[in-house]
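> Which chain is which? The protein sequence lines are A and B, in order. Just so we're aligned, residue 3 is where the first sequence starts under my numbering, counting upward by one. Just so we're aligned, residue 3 is where the second sequence starts under my numbering, counting upward by one.
Source of the hints: derived by calculation from the structure; they are not laboratory data. One should not assume that every hint holds.
Remember, identical chains collapse to one label, so a pair may be satisfied in a single copy or spanning two.
Derived pair list, reagent style SDA-like, types lysine to any residue, alpha-carbon separation capped at 20 Å [claimed, not checked]:
#1 Lys15 / Glu274
#2 Lys249 / Ser178
#3 Lys13 / Phe36
#4 Lys32 / Gly103
#5 Lys13 / Ala320
#6 Lys9 / Glu215
#7 Lys52 / Ser325
#8 Lys15 / Arg133
#9 Lys9 / Val102
#10 Lys15 / Met3
#11 Lys249 / Glu51
#12 Lys13 / Ser254
2 protein chains.
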Amino acid sequence: MGSQIGKRTIKFKNPPNITAAYSVAGRKEKEGPFGQSFDLTFDDEHWGEKTYEQAERKIYLKAVESVIERANLKPDDISFLFGGDLLNQIIASGFAAREVGIPFFGLYGACSTMAESAILGSMAVDGGFARYVVCATSSHFATAERQFRNPLELGTPKTPSAQNTVSASGAVLLTSDRGRYPAATHATAGRVIDLGATDVNNMGAAMAPAAVETIICHLEDTGRGDNYYDVILTGDLGTFGTSLFHKLADDSQHDFSAVHQDCGSLIYGGDEKMNCGGSGCGCGASMLCGHFYKELVQERIKRLLFVATGALHSPTSALQGESIPCIAHAISIEMGYGG
Amino acid sequence: MGSQIGKRTIKFKNPPNITAAYSVAGRKEKEGPFGQSFDLTFDDEHWGEKTYEQAERKIYLKAVESVIERANLKPDDISFLFGGDLLNQIIASGFAAREVGIPFFGLYGACSTMAESAILGSMAVDGGFARYVVCATSSHFATAERQFRNPLELGTPKTPSAQNTVSASGAVLLTSDRGRYPAATHATAGRVIDLGATDVNNMGAAMAPAAVETIICHLEDTGRGDNYYDVILTGDLGTFGTSLFHKLADDSQHDFSAVHQDCGSLIYGGDEKMNCGGSGCGCGASMLCGHFYKELVQERIKRLLFVATGALHSPTSALQGESIPCIAHAISIEMGYGG
Numbered sequence: 003m004g005s006q007i008g009k010r011t012i013k014f015k016n017p018p019n020i021t022a023a024y025s026v027a028g029r030k031e032k033e034g035p036f037g038q039s040f041d042l043t044f045d046d047e048h049w050g051e052k053t054y055e056q057a058e059r060k061i062y063l064k065a066v067e068s069v070i071e072r073a074n075l076k077p078d079d080i081s082f083l084f085g086g087d088l089l090n091q092i093i094a095s096g097f098a099a100r101e102v103g104i105p106f107f108g109l110y111g112a113c114s115t116m117a118e119s120a121i122l123g124s125m126a127v128d129g130g131f132a133r134y135v136v137c138a139t140s141s142h143f144a145t146a147e148r149q150f151r152n153p154l155e156l157g158t159p160k161t162p163s164a165q166n167t168v169s170a171s172g173a174v175l176l177t178s179d180r181g182r183y184p185a186a187t188h189a190t191a192g193r194v195i196d197l198g199a200t201d202v203n204n205m206g207a208a209m210a211p212a213a214v215e216t217i218i219c220h221l222e223d224t225g226r227g228d229n230y231y232d233v234i235l236t237g238d239l240g241t242f243g244t245s246l247f248h249k250l251a252d253d254s255q256h257d258f259s260a261v262h263q264d265c266g267s268l269i270y271g272g273d274e275k276m277n278c279g280g281s282g283c284g285c286g287a288s289m290l291c292g293h294f295y296k297e298l299v300q301e302r303i304k305r306l307l308f309v310a311t312g313a314l315h316s317p318t319s320a321l322q323g324e325s326i327p328c329i330a331h332a333i334s335i336e337m338g339y340g341g
Numbered sequence: 003m004g005s006q007i008g009k010r011t012i013k014f015k016n017p018p019n020i021t022a023a024y025s026v027a028g029r030k031e032k033e034g035p036f037g038q039s040f041d042l043t044f045d046d047e048h049w050g051e052k053t054y055e056q057a058e059r060k061i062y063l064k065a066v067e068s069v070i071e072r073a074n075l076k077p078d079d080i081s082f083l084f085g086g087d088l089l090n091q092i093i094a095s096g097f098a099a100r101e102v103g104i105p106f107f108g109l110y111g112a113c114s115t116m117a118e119s120a121i122l123g124s125m126a127v128d129g130g131f132a133r134y135v136v137c138a139t140s141s142h143f144a145t146a147e148r149q150f151r152n153p154l155e156l157g158t159p160k161t162p163s164a165q166n167t168v169s170a171s172g173a174v175l176l177t178s179d180r181g182r183y184p185a186a187t188h189a190t191a192g193r194v195i196d197l198g199a200t201d202v203n204n205m206g207a208a209m210a211p212a213a214v215e216t217i218i219c220h221l222e223d224t225g226r227g228d229n230y231y232d233v234i235l236t237g238d239l240g241t242f243g244t245s246l247f248h249k250l251a252d253d254s255q256h257d258f259s260a261v262h263q264d265c266g267s268l269i270y271g272g273d274e275k276m277n278c279g280g281s282g283c284g285c286g287a288s289m290l291c292g293h294f295y296k297e298l299v300q301e302r303i304k305r306l307l308f309v310a311t312g313a314l315h316s317p318t319s320a321l322q323g324e325s326i327p328c329i330a331h332a333i334s335i336e337m338g339y340g341g
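Just chain A, same shape as in the assembly (with noise of 0.2 Å):
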């Protein structure tokens, strides 16, 4: 049983505990500097698939699969799997889901989708409709590639503003068990923004409005300053995005400097190659579910606020020639939280 608190958090009663959570990443993500940080990873974007979108649809299941085997439950003791991915009728998702038979509340937020997921799973846990969730999102370089911009056989180069769609995938598992583990107390809901942005190839200067808006609601309705936070992590703004980020926060007299990490800035180590790092839903995801998880359970980082920006157009609204609205859900882990 939640409640609201300020003008759009909600504060979890009994915050659910993220039992589990566990990461599956692709080659040029394990060539990175959290590669050790990463459950399983493969080392071709087939995975032993005729498609692509049938290698993204293999490593979303296997993290569903492989976090609910590493809670010691089984698919049949989980009651809802909350999820998405970046692919039109986040087909990744729908088709995993019916491999592993949980009832599926499929969820499109772009690259929001680990936040938005984990916000909705927390809300059926402490809400006392479920015991066991399971939170889970992917992407695939390959499929968005497709999909958003040029099939990869063109050979398209890329703009310097331009990030890399991470082939990962991350699932967390949460429920009412009480217990010593990284439990999610509070959340923020995005609004949608949109100031104006129409470079599809630069989301991440499209999307730091966004997380600057969401974070500082998030710090104002619960009371917590700008450095509450060990960490306030946000999903894939990549390094241009991040740069927008800190000017942006600084124009609202916030200052997130001594705090702030971007899964799509580090999961690269600034490749150039790169250009401005990491992107898509399995960026934030695989970062969240292994390197940082594993930094909640061992206490290195005790107070989190995960960051979950998405880019809400699609290609055709481009080519209408619309501009870019963008979301940022958020959730707080903490360890240890006394309420």
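Dock chain B against chain A, hints included.
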């Protein structure tokens, strides 16, 4: 605060009241037998906008704004908007959410979205996370044809098993405020069911097994008989899908013939030009928020099970030879429910 009953049904402790509903529909829908029950109709698929996609956004936005106004509220009073639509990256919903400014949870459940959004909205309200939420969806004939089939300009003939995507939207306002209104009492989330259908021109046949599976699970979980509900209302099985639905129910020793109605079969009154009837998220949504909501308020119907079915394939998955995974979400809406 809810609870789980049976295998996968949830029971709302304080059933969220649907204090307002609003439906918007196009010309063909207005000319059907339920034309008078829609709250607002428009005559031209563009509805004054430059693109069909903008027109769909407008019908979505109109339903959301109007349902809030009808409840004597302002957008600022609404904690969350739950919604989605059929378009890639759910651009009708996302852009409408930008205009109205309400914190937004984007969903993709294909044509099951109205039930999915109402279930999640009910969880948010009953769980104490929100006092007011809006759940909405839309579909549009021309945007769906362009995306899933062929642009209208080609004049492609339809197969006899095809259905006509309804240009319409529907929105409900759910609240914890008390009073005698139709209320969401129980919900059963769908599993993804796929019996191997591959004919994308016969969605009803693909979706019927999911509807039957969810309904039977719901009745078993709640201990309710085949005739407990005055109406079991499916979203858009169409006439072919409805025949199969009854056949499958019969195979499972159930008989829903006395209580089943299907929005897709009803909306065009059996007009032969519409082949197997209506389809799309907006079909079930506009019929639920139009005709059936009024029937509930006037207590001509007291127990309604709304079962919206969705086909979770994409044009890409179909081209890759995949079958059509389907889902059905069910929500029980009752007047004067005593617990």
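> If a hint holds in the structure, say so; if it does not, say that too.
Now for the hints, and whether the structure bears them out:
Neither within a single protomer nor between protomers do Lys15 and Glu274 lie at most 20 Å apart by alpha-carbon distance, with minima of 45 Å and 55 Å respectively. In this homomeric assembly, Lys249 and Ser178 never come within 20 Å of each other (Cα to Cα): the closest approach is 39 Å inside a single copy and 41 Å across copies. For the homomeric pair Lys13 and Phe36, neither the shortest alpha-carbon distance inside one copy (32 Å) nor that between copies (43 Å) is at most 20 Å. Within a single copy, Lys32 and Gly103 get their C-alpha atoms no closer than 30 Å, and across copies no closer than 39 Å, so neither meets the 20 Å cut-off.
In the homo-oligomer, the alpha carbons of Lys13 and Ala320 never lie at most 20 Å apart, since the shortest distance is 37 Å inside one protomer and 42 Å across protomers. With identical chains, the CA atoms of Lys9 and Glu215 are at most 20 Å apart within one copy only, with a shortest distance of 12 Å there and 40 Å across copies. In this homomeric assembly, Lys52 and Ser325 come within 20 Å of each other (Cα to Cα) only across copies, at 15 Å, whereas the closest approach inside a single copy is 35 Å. For a Cα distance limit of 20 Å, the shortest separation of Lys15 from Arg133 qualifies both inside one copy, at 15 Å, and across copies, at 16 Å.
Taking the shortest Cα distances, Lys9 and Val102 sit within 20 Å of each other only across copies (16 Å), while inside one copy they are farther apart (38 Å). With identical chains, the CA atoms of Lys15 and Met3 are at most 20 Å apart both within one copy (6 Å) and between copies (11 Å). Taking the closest pair of Cα atoms, Lys249 and Glu51 never come within 20 Å of each other, the shortest separation being 44 Å inside a single copy and 36 Å across copies. Taking CA atoms no more than 20 Å apart as the test, Lys13 paired with Ser254 passes in neither setting, with 25 Å inside one copy and 44 Å between copies.
Of the hints listed earlier, those the structure fails to meet are numbers 1, 2, 3, 4, 5, 11 and 12, in rising order.
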